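Undergrad: Residues per chain are reported as follows:
There are 2 protein chains.
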Amino acid sequence: MQAVNLEKKHDLFSEHWSPKRIGVLNGQQILLAKIQGEFVFHKHDDEDELFMVTKGRLVMELREETVVVEPGELFVVPKGVEHKPTAEEETHLLLFEPLGTKHTGDVQADFTLESYEEL
Amino acid sequence: MQAVNLEKKHDLFSEHWSPKRIGVLNGQQILLAKIQGEFVFHKHDDEDELFMVTKGRLVMELREETVVVEPGELFVVPKGVEHKPTAEEETHLLLFEPLGTKHTGDVQADFTLESYEEL
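So the sequence lines, in the order shown, correspond to chains Z and X. In terms of our numbering, the first sequence opens at residue 1 and continues consecutively. In terms of our numbering, the second sequence opens at residue 1 and continues consecutively.
Where hints are given, some of them may not hold.
Once the Cα atoms are required to be at most 25 Å apart in a straight line, the calculated SDA-like pairs of lysine to any residue come out as [stated by the list, open to error]:
#, chain 1, residue 1, chain 2, residue 2
1, X, K20, Z, V67
2, Z, K55, X, K102
3, Z, K43, X, G27
4, X, K102, Z, V24
What the hints contain is simulated information worked out from the structure, not anything from laboratory work. Values in this document were obtained by computation on a predicted structure and should not be read as measured data.
Generate the whole structure from the sequences, applying the supplied hints.
TA: Right, here's the structure in full:
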């Protein structure tokens, strides 16, 4: 058994908006992602979703407000809340959510992933 | 709605081995803790437990091996596995585990907490 170094795991991939699974516990998955640019507005009707920033700056657009998440900070999007992650510079994220949470929630986009690679 | 800054939350308390709850999602709780010295060996029969280090150095003793967790790293103790967190210097942790997970698992100690303060 050994610890997981987040930066070293992030070094293993470069594509944006394509989360990688680095762990599972209690029916929840730990994902790492690199993002830059704009995602799509979507929501997860049954799942809360945690976003933690380790590098860069996440600007989470909600319908009524915008939340900025800096390195060393986390933000939980409650189930049912429409959200659109955006980042001006390349931003590294850790996500925590139930196994089976859909990539783009209630929305189907060209870049929607049906499953995540394991790292 | 706003982001949670982990370092600022850690600044709000000083006691060791006394986790504070900073969030709940999907039936799981996010705890922050400061530790120094040695805890007790214990296990959680039904819960996996995630430890992430943000400052210091966590030395997680298991029965057969020892896992060192540095800042920017995380380690998941699987359910049923006996573990004893230790830290030479003061170490800041983020824990992720199901709501209701017992502080010292299957062991009762003088310092066992029955509930956690919300931060």
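Undergrad: What's the verdict on K43(Z) and G27(X), does the C-alpha distance respect the 25 Å limit or exceed it?
TA: With a Cα-Cα distance of about 19 Å, the restraint between K43(Z) and G27(X) holds, given a limit of 25 Å.
Undergrad: Holds or violated: K102(X) with V24(Z), Cα cutoff 25 Å?
TA: Roughly 20 Å between the alpha carbons, so the hint for K102(X) and V24(Z) holds.
Undergrad: Can the restraint linking K20(X) and V67(Z) be considered satisfied, given a maximum Cα separation of 25 Å?
TA: 24 Å, holds
Undergrad: Take a quick look at whether K55(Z) and K102(X) sit within 25 Å of each other, Cα to Cα.
TA: The given pair, whose Cα atoms are some 33 Å apart, is violated under the 25 Å limit.
When held up to the earlier numbered hints, the structure conflicts with hint 2 and nothing else.
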